[in-house]
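Number of protein chains: 2
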Amino acid sequence: MERRQRPRVVIVGAGFGGLECARRLRNTPVDVLLLDRNNYHLFTPLLYQVASSLLNPSDIAQPVRAIIRGAPNVRFRQATATGIDFAAQQVLLEGEEALAYDYVVVAVGSTTNYFGMASLEAGALGLKDLPEALELRNHIIRRLEEASRTDDPAERARLLSFAVIGGGPTGVEYAGALSELVRLVIPGEYPELRDDDVRILLVEALPALLTTCPEDLGGHARDELERRGIEVVTGVRVVGTDGQTLELSDGSNVPAGTVIWAAGVKPEALTAAINVSRSRSGRIEVDGALRLVGLRDAFAIGDAASVGHGQGEVPMLSAPAIQEARAVAANILRDMRGQRLRRFRYRDRGSMATIGRNAAVASIGPLRLRGFVGWIAWLAVHLYFLIGFRNRLLVLLGWGWNYLRFDRPVRIIARARTRP
Amino acid sequence: MERRQRPRVVIVGAGFGGLECARRLRNTPVDVLLLDRNNYHLFTPLLYQVASSLLNPSDIAQPVRAIIRGAPNVRFRQATATGIDFAAQQVLLEGEEALAYDYVVVAVGSTTNYFGMASLEAGALGLKDLPEALELRNHIIRRLEEASRTDDPAERARLLSFAVIGGGPTGVEYAGALSELVRLVIPGEYPELRDDDVRILLVEALPALLTTCPEDLGGHARDELERRGIEVVTGVRVVGTDGQTLELSDGSNVPAGTVIWAAGVKPEALTAAINVSRSRSGRIEVDGALRLVGLRDAFAIGDAASVGHGQGEVPMLSAPAIQEARAVAANILRDMRGQRLRRFRYRDRGSMATIGRNAAVASIGPLRLRGFVGWIAWLAVHLYFLIGFRNRLLVLLGWGWNYLRFDRPVRIIARARTRP
Numbered sequence: 052m053e054r055r056q057r058p059r060v061v062i063v064g065a066g067f068g069g070l071e072c073a074r075r076l077r078n079t080p081v082d083v084l085l086l087d088r089n090n091y092h093l094f095t096p097l098l099y100q101v102a103s104s105l106l107n108p109s110d111i112a113q114p115v116r117a118i119i120r121g122a123p124n125v126r127f128r129q130a131t132a133t134g135i136d137f138a139a140q141q142v143l144l145e146g147e148e149a150l151a152y153d154y155v156v157v158a159v160g161s162t163t164n165y166f167g168m169a170s171l172e173a174g175a176l177g178l179k180d181l182p183e184a185l186e187l188r189n190h191i192i193r194r195l196e197e198a199s200r201t202d203d204p205a206e207r208a209r210l211l212s213f214a215v216i217g218g219g220p221t222g223v224e225y226a227g228a229l230s231e232l233v234r235l236v237i238p239g240e241y242p243e244l245r246d247d248d249v250r251i252l253l254v255e256a257l258p259a260l261l262t263t264c265p266e267d268l269g270g271h272a273r274d275e276l277e278r279r280g281i282e283v284v285t286g287v288r289v290v291g292t293d294g295q296t297l298e299l300s301d302g303s304n305v306p307a308g309t310v311i312w313a314a315g316v317k318p319e320a321l322t323a324a325i326n327v328s329r330s331r332s333g334r335i336e337v338d339g340a341l342r343l344v345g346l347r348d349a350f351a352i353g354d355a356a357s358v359g360h361g362q363g364e365v366p367m368l369s370a371p372a373i374q375e376a377r378a379v380a381a382n383i384l385r386d387m388r389g390q391r392l393r394r395f396r397y398r399d400r401g402s403m404a405t406i407g408r409n410a411a412v413a414s415i416g417p418l419r420l421r422g423f424v425g426w427i428a429w430l431a432v433h434l435y436f437l438i439g440f441r442n443r444l445l446v447l448l449g450w451g452w453n454y455l456r457f458d459r460p461v462r463i464i465a466r467a468r469t470r471p
Numbered sequence: 052m053e054r055r056q057r058p059r060v061v062i063v064g065a066g067f068g069g070l071e072c073a074r075r076l077r078n079t080p081v082d083v084l085l086l087d088r089n090n091y092h093l094f095t096p097l098l099y100q101v102a103s104s105l106l107n108p109s110d111i112a113q114p115v116r117a118i119i120r121g122a123p124n125v126r127f128r129q130a131t132a133t134g135i136d137f138a139a140q141q142v143l144l145e146g147e148e149a150l151a152y153d154y155v156v157v158a159v160g161s162t163t164n165y166f167g168m169a170s171l172e173a174g175a176l177g178l179k180d181l182p183e184a185l186e187l188r189n190h191i192i193r194r195l196e197e198a199s200r201t202d203d204p205a206e207r208a209r210l211l212s213f214a215v216i217g218g219g220p221t222g223v224e225y226a227g228a229l230s231e232l233v234r235l236v237i238p239g240e241y242p243e244l245r246d247d248d249v250r251i252l253l254v255e256a257l258p259a260l261l262t263t264c265p266e267d268l269g270g271h272a273r274d275e276l277e278r279r280g281i282e283v284v285t286g287v288r289v290v291g292t293d294g295q296t297l298e299l300s301d302g303s304n305v306p307a308g309t310v311i312w313a314a315g316v317k318p319e320a321l322t323a324a325i326n327v328s329r330s331r332s333g334r335i336e337v338d339g340a341l342r343l344v345g346l347r348d349a350f351a352i353g354d355a356a357s358v359g360h361g362q363g364e365v366p367m368l369s370a371p372a373i374q375e376a377r378a379v380a381a382n383i384l385r386d387m388r389g390q391r392l393r394r395f396r397y398r399d400r401g402s403m404a405t406i407g408r409n410a411a412v413a414s415i416g417p418l419r420l421r422g423f424v425g426w427i428a429w430l431a432v433h434l435y436f437l438i439g440f441r442n443r444l445l446v447l448l449g450w451g452w453n454y455l456r457f458d459r460p461v462r463i464i465a466r467a468r469t470r471p
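Chains as they are written, first to last, in my numbering: chain L, 52 to 471; chain E, 52 to 471.
None of these hints come from the bench; they were simulated from the model. Any given hint might turn out to be false.
[To be verified] Pairwise CB distance ranges, derived in the manner of DEER restraints:
id, chain 1, residue 1, chain 2, residue 2, range
1, L, V344, E, R193, 52 to 58 Å
2, E, P306, L, T201, 51 to 57 Å
3, L, G239, E, G239, 29 to 35 Å
4, E, E282, L, T201, 53 to 59 Å
5, L, T131, E, G302, 41 to 47 Å
6, E, P306, L, P182, 31 to 37 Å
[What the hints assert, rightly or not] Which stretches of chain E does chain L cover? Using the computed rule of at least three CB atoms under 8 Å from a CB of chain L, they are:
id, segment
7, 84 to 92
8, 126 to 136
9, 194 to 200
The C-beta atom is built at its ideal place from N, Cα and C for all residues, glycine as well.
Can you make the complete structure from the sequences, with help from the hints?
Given below as structure tokens:
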């Protein structure tokens, strides 16, 4: 392997953490190589809007090369990391030669976790990456088309019953967005259907929704969802599905032709492949400076890293990943200069979830916002953080347009042709 | 089958012809049922811009239901027609009960024609529908990524050699757009590559480009393409490909890691399945009133119909399809009133093709436009005909943005996850 004059930092993953780490190392005396299996960075907080026909994939996905453009010491490579040889200081790649590093940052993020329930893994639709979101969007529109063609009430009820599993922000937001999609589109465009043919159920295993927010916001979200006709069930776990019904832990069965899984994520496979000590949730154990235990040159951040906070770990969200990325970039530079590394401390700046038109809940420091004010706060925060000016402008236009017209524009069932 | 009080017109295909026919029958005393295998209408003239990362699929594809919204006597059904039983007056559907009609309009359009060359069918990428355009877009970006990872000059040359087959408007426009994409993106974002690593070849079997336009415009297009570094070869047919090189009819072989096929279309399979007399090009023979020969209640329009014009047939373009659709809608209403049907006459209003930034050729009646003026004319005509206000606005914004920034925004390799 070639050796460079300047230390080479390999960052595995171009999500919120990996990208921020690369940004912080821009114009510093290191060579940065950013790896990702996709050629784009995904703004995951708005993925549910792609899955509900409101936004185009390219509104929330931007080529990594376009983002790092103009940073002379940062390069990108589309590749899948399969392991890390810590002794040889190499990242192992699928179908390619291994990559030498002086420092490595594991920022691989997380993937849908079905907790080993095979019927859900096979039968439910996830909502964690772009292919899943596109498949979910296509599936919903396909179900409306299928329901419009049948005269059998039982079949129609099956086609139009949707169960969203998981009462965290993703589940709450998707249930609200799905309800809006259906209720905006059916009256004008599906004369064969009535909007109360549609049944949307939200299931949460814990006793309340949005348990990471202060409790009153979860209760408010529940009221808002129920006001929109969504059935909310809490304190019950999902056990399985047969494509017709959902089996619950209290022994009951509820009709659900479509099951959308937003109830859990787990660190990406690489975290298991590298054979280091991990927490119960599968996240990599790190020291106070975010280094893998016992290693000087390997760091982990974001969903892949187990960082203590209160009684447990920091949540798997973009905010801690970004904070950790900044700390790691600074610590790499300190290590190069022979300085002592700094201890990372997570600062919780709050969380928020939107329920639909004019309604969101937000907890920002001491503030508790809800309704229209919460919605405006949610909108401002998400636009601010959307990377790239073009995207911000187009997303704003898309939202404005939808707001004025009560429409969902991106309702095409499109799929790339697979090569033979 | 149920029988209706008002005659039911079944239109097979929601392309330019089918949609226009449905529009013309809106608020008339018939029930219209529009069928299409996709849930969207596709603005095919801009498909090459999706395939060159400039536009999003939803900019040029709109749900049929959104277009016919507000027409109380027009309904849509997503279904694939597999045949027509003219004696029983039924359209046969894939996996569903047959549909009764009083009048049927065959408007199924066309698909890529490889003229029986198996190596091209297997190895070339088409550019006729949305899945093909998305696959082509993904493929081009994937090739740039692969080329950026290799140190082998021969392999890099293979990955970056693109041959566009067909010197009609689609081939000319795609070659121009591909060259712009590559030359805009490589210098800023692929430090591993140089833009003259890329080779783009345009091959046309006839002696000139754009043979449907007056000859000087084809010559002008050739100059513009060559000025952009595209190699243009005319008077030579493509015989086959092995994924590395392109085999030509003069015995020569040229390097081409990617072959893009824009050299021919043929009517969709339904035209062959219905067992009626067809022209040499496979289009359905119709009488002067656009009825299938010998049938009172069955019409064909657009690419599916063989309509005489000059020495041959009307071209397979949107303009004749729309004119024929209007004639058929009027003739159906005349037939219902017991009036004599009118004879269809095609009026050629010209054609146009864009070569890239500030350059297009257009032939509109007696006018011959080129360069910037041709480009403005092309832009105005295409925006005018893009269906739906939102799309027109967003497409205009996308274009304006690209024009100001010299950028190609939609460069993500995205694909819907296929269900297991």
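The hints, checked one at a time:
no.	hint	result
1	L:V344 to E:R193: 52 to 58 Å	violated (38 Å)
2	E:P306 to L:T201: 51 to 57 Å	holds (53 Å)
3	L:G239 to E:G239: 29 to 35 Å	violated (44 Å)
4	E:E282 to L:T201: 53 to 59 Å	holds (55 Å)
5	L:T131 to E:G302: 41 to 47 Å	holds (42 Å)
6	E:P306 to L:P182: 31 to 37 Å	holds (33 Å)
7	84 to 92	holds (count 3)
8	126 to 136	holds (count 4)
9	194 to 200	holds (count 3)
In summary, the structure is inconsistent with hints 1 and 3 from the numbered list given earlier, while agreeing with the others.
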